[in-house]
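Participant: Sequence:
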Amino acid sequence: MFTLIANLIFAGLSFAQGKHTKADVRSMFPANTKDLWINYLSGTVDNKHVIDMIIGTDGSTCKGIYTLRSSNTSFYFDGQDTDHQLRLAELNSDFRMTGYIYGDYDGEIFEGQWMNYDKNLILPIKLESVSSFEPYQPLSYKNYQWQRIFSGKVNDKLIKLHLTKDQYVYVCHFHEGGVHYKDVFGGKGSRVESLPMNFSLSVLNNKWIVIDTANLDKIDVVYVDETGYEITTTLKAEASLVSECYEYADYHSRLECIRPLSGNKKFDLWMENTFKTWVQSGVKKLKSIGKDDIATRDRWTQTANGWVEVDLFLNDIISGTAYMQSSWNSETEKIAFMYDLKSGKEMKLQDIFDHKFDSEEYFRLIIPAKIKEKTWKPQDKKWVSKQGFNFVTLKDNGISFKTKYSTIYGEKEILIPYSSVSENLKNKNLLKDLLGK
Numbered sequence: 028m029f030t031l032i033a034n035l036i037f038a039g040l041s042f043a044q045g046k047h048t049k050a051d052v053r054s055m056f057p058a059n060t061k062d063l064w065i066n067y068l069s070g071t072v073d074n075k076h077v078i079d080m081i082i083g084t085d086g087s088t089c090k091g092i093y094t095l096r097s098s099n100t101s102f103y104f105d106g107q108d109t110d111h112q113l114r115l116a117e118l119n120s121d122f123r124m125t126g127y128i129y130g131d132y133d134g135e136i137f138e139g140q141w142m143n144y145d146k147n148l149i150l151p152i153k154l155e156s157v158s159s160f161e162p163y164q165p166l167s168y169k170n171y172q173w174q175r176i177f178s179g180k181v182n183d184k185l186i187k188l189h190l191t192k193d194q195y196v197y198v199c200h201f202h203e204g205g206v207h208y209k210d211v212f213g214g215k216g217s218r219v220e221s222l223p224m225n226f227s228l229s230v231l232n233n234k235w236i237v238i239d240t241a242n243l244d245k246i247d248v249v250y251v252d253e254t255g256y257e258i259t260t261t262l263k264a265e266a267s268l269v270s271e272c273y274e275y276a277d278y279h280s281r282l283e284c285i286r287p288l289s290g291n292k293k294f295d296l297w298m299e300n301t302f303k304t305w306v307q308s309g310v311k312k313l314k315s316i317g318k319d320d321i322a323t324r325d326r327w328t329q330t331a332n333g334w335v336e337v338d339l340f341l342n343d344i345i346s347g348t349a350y351m352q353s354s355w356n357s358e359t360e361k362i363a364f365m366y367d368l369k370s371g372k373e374m375k376l377q378d379i380f381d382h383k384f385d386s387e388e389y390f391r392l393i394i395p396a397k398i399k400e401k402t403w404k405p406q407d408k409k410w411v412s413k414q415g416f417n418f419v420t421l422k423d424n425g426i427s428f429k430t431k432y433s434t435i436y437g438e439k440e441i442l443i444p445y446s447s448v449s450e451n452l453k454n455k456n457l458l459k460d461l462l463g464k
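To convert, take the position in the sequence shown, counting from 1, and add 27; that gives this note's numbering.
A hint or two may mislead.
Taking lysine-lysine pairs in the DSS-like style, the calculated list, with each CA pair at most 27 Å apart, reads [what the hints assert, rightly or not]:
(1) 383 with 453
(2) 314 with 46
(3) 314 with 303
(4) 401 with 422
(5) 383 with 408
(6) 369 with 312
(7) 293 with 303
(8) 383 with 303
(9) 187 with 153
(10) 49 with 153
(11) 180 with 46
(12) 422 with 245
(13) 422 with 293
(14) 397 with 375
(15) 383 with 413
(16) 263 with 303
(17) 215 with 292
(18) 422 with 361
(19) 312 with 361
(20) 422 with 209
(21) 292 with 361
No lab work stands behind these hints: they were computed from the structure.
All chains should be modelled from the sequences, with the hints used to inform the complete structure.
Facilitator: Next up, the structure:
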């Protein structure tokens with residue numbers, strides 16, 4: 028929930044909802060303006076940064092004020108309202124133009140785009156009518172970015188299905204009889220989504236996964252039996268990861284940090300602490316830029332992004348890599364992790380092996396041999412020769428060793444299949460969870 032981070036950063040701030048009122052917007056219009064409608068709107072720009080807007084329109088002219096809620100930075104806007112189509116100029120506190128806002132506004136919902144002064148940065152903006160503005164809270168992505176594990180019986184076979192959702196894209200994968208099945212599906216954005224399962228030789232072949240996005244405690248497997256009757260069986264959720272975003276935005280900068288929540292208090296706190304110093308130092312740097320350093324073309328030129336790539340999510344284990352990037356730092360910070368949800372602490376790679384097996388020595392010898400087998404480009408191999416594969420995570424198909432991240436070369440990976448070390452695994456149930464055996 029980024030509770031600690033939010034409390035530390037926002038302590039003492041006076042937010043926009045106490046600063047501006049409808050009377051401020053009314054004063055922007057001539058006193059004799061008739062049929063003037065003034066409303067409160069709240070929503071996001073770029074689907075992340077929370078804004079509060081007071082908008083006034085008489086059907087031809089539109090004026091108002093909007094505030095970036097996380098920093099209490101306000102902007103004015105002024106422009107045309109033509110048949111509910113808004114064309115607005117964004118103005119700073121000195122009434123210099125800093126950007127543009129275009130979109131449709133029906134009195135309840137505004138949906139459109141924000142553009143910077145040079146029109147080379149375009150971000151979506153969506154706002155809805157509210158009766159009043161709320162205190163700042165981190166955004167929860169639980170409805171459109173999550174991972175879940177579902178289990179149950181289909182045709183008397185026990186199955187464990189992993190589903191991942193990111194916006195409208197679903198990824199489904201499961202193991203059956205030692206075979207790994209995986210596919211990607213495009214959703215429609217509706218409350219109920221239906222995904223066709225075309226996995227030949229699997230128990231889910233020619234069946235549909237039906238997801239009620241308002242109730243993710245279960246999913247239904249629907250199919251027609253040999254007699255023509257429609258059969259529905261239910262898989263229940265065993266574990267879940269949902270994403271939460273901490274964001275900060277002011278005149279010239281945007282910072283966002285998206286991380287997974289598991290519902291496990293120790294893991295969630297550990298993940299919060301992983302990003303805390305980076306977020307705090309980033310916001311401190313952004314807030315230190317004085318007004319004299321800001322020009323009209325500096326709007327949102329500084330950015331910082333933190334996120335987590337989850338490589339493995341099981342009932343008891345989460346493994347992945349946290350990434351932290353910023354426009355003022357050429358290096359990408361990476362933190363690879365393996366976390367045991369049962370014990371509530373980080374794992375080392377040796378923890379998954381028998382104590383008699385020296386995993387460090389084994390992989391020290393095998394990774395150079397695997398590198399020689401790679402058909403990377405010569406310039407990539409030259410770069411790799413100076414790198415260590417020190418970022419280690421668990422995946423569903425093996426143990427991943429990666430280099431640091433380069434803006435030129437990306438990151439290179441050596442993947443060691445579990446089958447090559449299966450005899451030395453301490454927890455045989457781990458292999459069972461991974462391979463479905």
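Participant: Just to be careful, I want the Cα atoms of residue 49 and residue 153 compared with a cutoff of 27 Å; is the pair within it?
Facilitator: 20 Å, holds
Participant: Has the given pair, residue 215 with residue 292, been kept, meaning a C-alpha gap of at most 27 Å?
Facilitator: Outside the cut-off at roughly 33 Å; violated.
Participant: With the threshold set at 27 Å, check whether the alpha-carbon distance from residue 293 to residue 303 stays at or below it.
Facilitator: The hint holds at about 15 Å.
Participant: Need the status of pair residue 312, residue 361: alpha-carbon distance at most 27 Å?
Facilitator: 20 Å, holds
Participant: Hey, residue 187 versus residue 153, does the alpha-carbon distance stay inside 27 Å?
Facilitator: 37 Å, violated
Participant: Does residue 453 sit within 27 Å of residue 383, going by the straight-line distance between their CA atoms?
Facilitator: 10 Å, holds
Participant: Is residue 383 close enough to residue 408, meaning Cα to Cα at most 27 Å?
Facilitator: 34 Å, violated
Participant: Run the distance test for residue 314 versus residue 303: straight-line Cα separation, threshold 27 Å.
Facilitator: 16 Å, holds
Participant: Are residue 422 and residue 361 close enough, with their CA atoms no more than 27 Å apart?
Facilitator: 17 Å, holds
Participant: Would you mind confirming whether the straight-line C-alpha gap from residue 383 to residue 303 stays at or under 27 Å?
Facilitator: 38 Å, violated
Participant: Residue 422 and residue 245: Cα distance at most 27 Å?
Facilitator: 25 Å, holds
Participant: Is the Cα-Cα distance between residue 263 and residue 303 27 Å or less?
Facilitator: Judged against 27 Å, a Cα distance of about 34 Å means the pair is violated.
The earlier numbered hints that this structure contradicts are 5, 6, 8, 9, 11, 15, 16 and 17.
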